[in-house]
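Chemist: What follows is each chain in one-letter form.
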Amino acid sequence: MSRLKADQRHAVRFSLNGKPVEGEAEPRMLLSDFLRHQLGATGTHVGCEHGVCGACTIVVDGMLTRSCLTLAAQVDGCELKTVEGLAPSADRLGVLQQAFRRNHALQCGFCTAGILMSLDHYLAKNSAPTEAEIRDLLSGHICRCTGYTPIIQAALEAAAQLASSKKETSDA
Amino acid sequence: MVQAAVQSANSVDQGGDRPWVGRSIERIEDAALLSGRGRFIDDLGVLPGTLHATILRSPHAHADIVSIDTEAAKRLPGVAAVLTGEDVKAVTTTLVVGVKAPVECWPIAIDRVRYVGEPVAVVVATDRARAEDAAELINVEYRPRGAVVDPLGAIAPGAPVLHDGFPGNLASERAFRYGDSEKAFAEAPHRFSIDIRYPRNSCTPIETYGVVASHDAGEDAYEVLANFQGPFSIHTVIARALKVPGNRLRLRTPPDSGGSFGVKQGVFPYIVLIAAAARVTGKPVKWIEDRLEHLTASVSATNRATTLSAAVAADGKILALDWDQVEDCGAHLRAPEPATLYRMHGNLTGAYDIRHVKIRNRVVVTNKTPTGLNRGFGGPQVYFALERLVQRIAIGLGLDPLDVIKRNLIDAGAFPYRTATGALLDSGNYQGAVARAVEQGRLAELKAKRDEARAQGRLYGIGFTAVVEPSVSNMGYITTVLTAAERRKAGPKNGAQATATVGLDPVGSVTVHVASVPQGQGHRTVLSQVVADVFGLQPRDIRVNTEIDTAKDAWSIASGNYASRFAAAVAGTAKIAAQRVAGRLARIAAGQLNVEAADIVFAKGFVASKHNPENRIAFARVAALSHWSPGSLPDDAGQTIRETVFWTPPELTPPDEDDRINSSLCHGFIFDFCGVEIDRTTLETRIDRYVTMHDCGTILHPGMVNGQIRGGFAQALGAALYEEYAYADDGSFLTGTLADYLLPTTTEVPEPEIIHMETPSPFTPLGAKGVGEGNCMSTPVCLANAVADALGVADITLPLVPARLAELVRGAEPPPPAGGATAAPVREGDRRLRGEGEASVKGAPEQVWAMLLDPATLQSVIPGCQSVDKITDTHFRADVTLGIGPVSGRYRADVELFDLDPPRAVTLRGGATGALGFGNAEGRITLAPDGSGGTKLTYSYDAAIGGKVASIGGRLLDGATRVIIGQFFTALARKAGGGGAEGGGFSLFAVLAKIASLFGGRR
Amino acid sequence: MKPPAFDYLRAESVSDVLEGLAQQGGDARVLAGGQSLMAMLNMRLAKPKLLIDIMRLKELRKIERQKDAVVIGAGVRQADLLAWPDLAEALPLVALALPWVGHVQTRSRGTICGSLAHADPSAEMPLTLVALGGEVLLRSAKRRRRVAAKDFFAGMMLTARSDDELIEGISLPVTRGSRFAFREVARRHGDFAIVACAAMKIPTGVRLAVGGVADVPTARDWPRLEGTALDDALNAFAYELGARDDVHATARYRRDLVRMIGRDLIGEVLQ
Ligand SMILES: Cc1cc2nc3c(=O)[nH]c(=O)nc-3n(C[C@H](O)[C@H](O)[C@H](O)COP(=O)(O)OP(=O)(O)OC[C@H]3O[C@@H](n4cnc5c(N)ncnc54)[C@H](O)[C@@H]3O)c2cc1C
Ligand code: FES
Ligand code: FES
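Chains as they are written, first to last, in this note's numbering: chain A, 982 to 1153; chain B, -19 to 983; chain C, 135 to 405.
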């Protein structure tokens, strides 16, 4: 057991989108701040710092996680996935991202990273979600610009596309 | 359902020879935003050594600042400076106030706080956490004053006065008269009147405010990066406050902004504050507002008390209106207020042809957060009154509400139509729009549904609204608050200068720059479409930059993202700029292709002859010529490197001598109707179907227009059903977290059915009108009308909190059973907590008495008490840590004893202040011998808690307060050898005794 | 909104936790899912000197099926329990109530025991524990004890747990052959309840448990009542809960919901 002292910075190492990263943090440093300001991974946004808005949602060890309600120290040794890890390459968007763009599912884009992470996580396990299920999933996010419908639509479209491409690969 | 609705409007449209404008192309903004590469203010790097600020805020709604002790805070390692009001005052001057009155308006409290959340000190440190640590060490002593939160209460005699320069809290009063409404009222067969209280709310963007400021002492110049949205008239306000000319305030905006909806206009007082901190510390200072600060103290829409009366003919025709509006701008009249009240001045007759109007406008200050821009800006407040009244007229006359709307709509042949109060409605076909909406929106079906639901005893209602949505504000409308004579003295203000720059670089690629400061509305995409069409290029060939830098870019005081001015004004200005360049390019190309300039077309990346398309030259070649070979241009062609156009519509004239004002340039039309059902058990309002018809002139990008409509609808639904910036009577702010200020989520927002009609505006270059704000104006009242219809009630107050409908729907509550528990008295806005209890104590009254006066005993019985200082025999000061379960905070407590009647009774009066807020309580303790050597101790108390804990822990606060008070008395009893034995004593007390014992190990 | 400074201890064994709690007492906080605690720290509503992270302790991550009970360890997240294949059969009331706790994104981290420790009067899990008559398993460096649900919740965010105790887990009885119903009213989906009601058939009649109204979730047993007798009983119960007004609801509205939903649910489980 190691007790990390309040007034000192301690090494924090984890895997971010498949790559090892490392930084230093006081015990009180929030994971959202660590990602953004220590690692420069600013795609994860912060809208409330009390767990309600969902903007900061990422995936830690396969769990949807509010990074604003998590300490950097807590994820030492874990595997993290953030919005920066969604696209297959820097100049291409993934299926879900493309569906968002097609459906105008974002305006200011501030809430978007969190919503994408929830959907990416969910669609990997649920290939044929209903509208009600997507609405329930996304009730943990607030978007102030879009009125949500295009987001729901993008999610359903992406789900269908992902399912059919999965089917194709398994058929092959 | 969602699928079909979205697909029709959104499906991306990339091909064909049609113009790009009018197509839903994919947004160029999106790739970066979808992959985490947005550049929002807090994503951008800062200079090494940049300091971070936090703001200490007032827990009181109204109090004098007796003293501020910053010593301990300044001593904390990492703290660079602590600025109080005095320090800020030393380097700045007051913000200008929108009316002529001897009042000041500072971005930080000077000697006195006037709302919960008002800045009291700015702490600047190496990082935010340390700054917050230090802020907790600042000791502010307040002397509370009476607070007033209700606008009518504020102007009632005897109300506490906020500013001496606003006697009776009245900041402005004006009366207007258009036509002869007295006569109309006297002669009309019917008169109707309605009293409205429109609540406070905000469109609350998900990104909060951010400011990074630095000061160059050598040149006395400031550089500021802020997610400010305009209007840039505020630039002059900021520069003036910082005591520099405009050219020494370089204000820049980041490439991306996380939504604004007007709200980020309100960042400007913080620009002054953080710039002052940068000047004092000599270092760049960064401040990112947190969500608690945002909800408590950023800015809010105005709440308004309105009495609206109408003189009405027997057929429902409205002959005259009489408005009495009392606008609540909060604690300070911050620029550009009282603009919310005057923005709609030309539109006070809505979509109706009403020739006689009387208006009394009063602007008042109250102990609440100052107000500012908010999507809808004045519209929701006006239409809520007007459209509720229209429904009341229909009910009163036994007419169909839709028939009353139709009877009063302005005739399609009457445009451009000058309203009684001065607006020039540019174009429209309101009857046509209503007819189309009724048909395509299947109103008949909805009515059948209502009949069926009602036959089953369900609460189902239908509501209607017709509104005119003004856009592109006249910079002069706000001067309507002045009299004609005052205006003459002040000089004219009018117009709405929009600007756009189109530039061509040495390889002939096109860059566009505008000062429209988008907050997510996709301006870059639309401008790429507009300019691509002019040059015959693809949108992806056009690079658009929408950042603004006031030191380098073209801008005017009208620049910014507000009043839905982008599509109508800015996009059109970009088109004009591009056309000017294209005109010159055509002349150059004509020379090279040996044709007349009139024969030139721009298409598919070429400049070509219309008659002989084979005779052509690549666009880039012509475009680059001005750089490489100005000598080979025709003599009179001029340069084609860069063209900046300023455009202001001539229709936007200043108010005339009779106070008629064309407050906005264009006017869209919206007709909404909806069916709602109220659940008989939960009393929740469920929207069955919502139909919204929009005529916003020419549509530039259907996907984005629908996006604006849906987004506005969702916010309006929030305002109607969930959201309220709620205050208690004592000025405590009650909705300080996103768990209390309730924003609708996916499970609350249905998809509205959107219907369009396009009547181009003759006054704008592209025929477009604004569309961004309409549903914020129409939807709240449409839902209210439907609920009124469902419940058959006359008065509806927003938000439609289910609990508020209980009396309306169910009548009186079943009484409590005889002899059983009774209900606690209804408390409404009164947040004082009262209670009583008793306990048996083993010691004699004299013994207990001695303890009460002994600091050592007090120390051991005051929950979490660290030390007690005896000031006098009956006055004690203590340092205490109070906690409920996991919540705890340190407080400085003051306890005084009064009305001593040894050893029988004493009154304790105390207050505690700390980082989490303040509390004060008064309790009377009586001691009586119990006949067996012990004492019966009875107590009653009256307590109030305010500050941070009230605004973020509201739901749990009362219970928590009760527990803490209980702890005190229990500990006292225990100390005296008692301890509320089971079965003995008051039940609350027994429970508390048990709880308190759990705190045994804690000190 | 940055937390105050604290030490952080990632426990590697239960004794690490108990030792930390014993040493630091009221200044230590167990950090479980963090879905309540971290928000409070960000708001600086709490100032612990030490956080003890228990989430890497495998021994606490167990859902154990015993003869007549299910024991749920302190490391079990709300999502883990929802995904437990036996849930609907063994703990039907939990299966009904758990989806009402927050959102997918908070249930994925928040624990069952953290919710009980937090003791929000509107929370669903405390209500379920009281309705089912479960027990809380407490452990300190010195002793272990089991506290019955009705004795555990002492007031708003107050429990019978001492500062040096870890909630190691809870035990919920498997009630065979009973019928359950659950309903909740909140302003929005996923919000804390304004009123939450759980009803179950018990051998002597029916039990109704109510959360969101009194300072603690409260259960009441009745013999089979019908008609006005039931109305009167519900009315008396509604008043006894001592409902209060807040920004989201009035006391009267809460009593209305207790009366109306209570009646509906009792009807459902007794039918
Ligand atoms: C947006 C949002 C919505 C929510 N909505 C709901 C809702 O509708 N209903 C609801 O019930 N909850 C809701 N919650 C709260 C959520 O359920 C929390 O998960 C729960 O209250 C606490 O569990 P936790 O594991 O996260 O505990 P933590 O936050 O880690 O801890 C909470 C408290 O319990 C203590 N604690 C935790 N575990 C133990 C233990 N084993 N032994 C001793 N002490 C312990 C901690 O020290 C702390 O004081 C919501 C939270 C969020 C962020
Ligand atoms: S920032 Fe984490 S949920 Fe809002
Ligand atoms: S796109 Fe702006 S908040 Fe969702």
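Because the hints were derived from the structure by calculation, they are not lab data.
Glycine included, each C-beta is placed from N, C-alpha and C at the ideal position.
Careful, some of the hints might be misleading.
Said to hold, decoys possible - Some chain C residues near chain B, calculated using beta-carbon distances under 8 Å:
1) S149
2) D150
3) L152
4) A156
5) M177
6) K183
7) R277
8) R280
9) A282
10) K284
11) N369
12) Y373
13) T384
14) A385
15) R386
Said to hold, decoys possible - So the derived label-pair ranges between C-beta atoms look like this:
16) C:Q405 / B:A774: 16 to 26 Å
17) A:K1147 / B:R422: 52 to 62 Å
18) A:G1021 / B:G138: 22 to 32 Å
19) B:L27 / C:P219: 37 to 47 Å
20) B:S920 / A:G1021: 57 to 67 Å
21) B:P472 / A:A1113: 53 to 63 Å
22) C:D285 / B:T661: 25 to 35 Å
23) C:R358 / B:R660: 20 to 30 Å
Chemist: Taking 8 Å as the limit, does the beta-carbon of L152 of chain C come near enough to a beta-carbon in chain B?
Modeler: violated (15 Å)
Chemist: Using the nearest Cβ pair, does M177 of chain C come within less than 8 Å of chain B?
Modeler: Since the shortest Cβ distance to chain B is 6 Å, the answer is holds.
Chemist: Does the hinted range 16 to 26 Å hold for Q405 of chain C and A774 of chain B at CB?
Modeler: Between Q405 of chain C and A774 of chain B, where Cβ atoms are some 41 Å apart, the hint is violated.
Chemist: Does 25 to 35 Å hold as the CB distance between D285 of chain C and T661 of chain B, or does it fail?
Modeler: holds (33 Å)
Chemist: Could one say that the CB atoms of K1147 of chain A and R422 of chain B fall in the range 52 to 62 Å?
Modeler: For R422 of chain B against K1147 of chain A, whose Cβ atoms are near 39 Å apart, the range 52 to 62 Å is violated.
Chemist: Measuring from beta carbon to beta carbon, are L27 of chain B and P219 of chain C in 37 to 47 Å?
Modeler: violated (56 Å)
Chemist: Can we keep the A282 of chain C interface hint, with Cβ of chain B closer than 8 Å?
Modeler: Status violated, d = 14 Å.
Chemist: Does the nearest C-beta of chain B fall within a distance shorter than 8 Å of the C-beta of K284 of chain C?
Modeler: violated (13 Å)
Chemist: Should the interface hint for A385 of chain C be scored as holding, given a Cβ-Cβ cut-off of 8 Å against chain B?
Modeler: holds (6 Å)
Chemist: Next item in the hint list is A156 of chain C. Is there a CB on chain B closer than 8 Å to its CB?
Modeler: violated (11 Å)
Chemist: Take the C-beta atom of G1021 of chain A and the C-beta atom of G138 of chain B, compute their distance, and say whether it sits inside 22 to 32 Å.
Modeler: violated (58 Å)
Chemist: How about R386 of chain C: closest beta carbon in chain B under 8 Å, or not?
Modeler: R386 of chain C check passes; min Cβ-Cβ to chain B is 5 Å, inside 8 Å.
Hints 1, 2, 3, 4, 6, 7, 8, 9, 10, 16, 17, 18, 19 from the earlier list are contradicted by this structure; the remaining hints agree with it.
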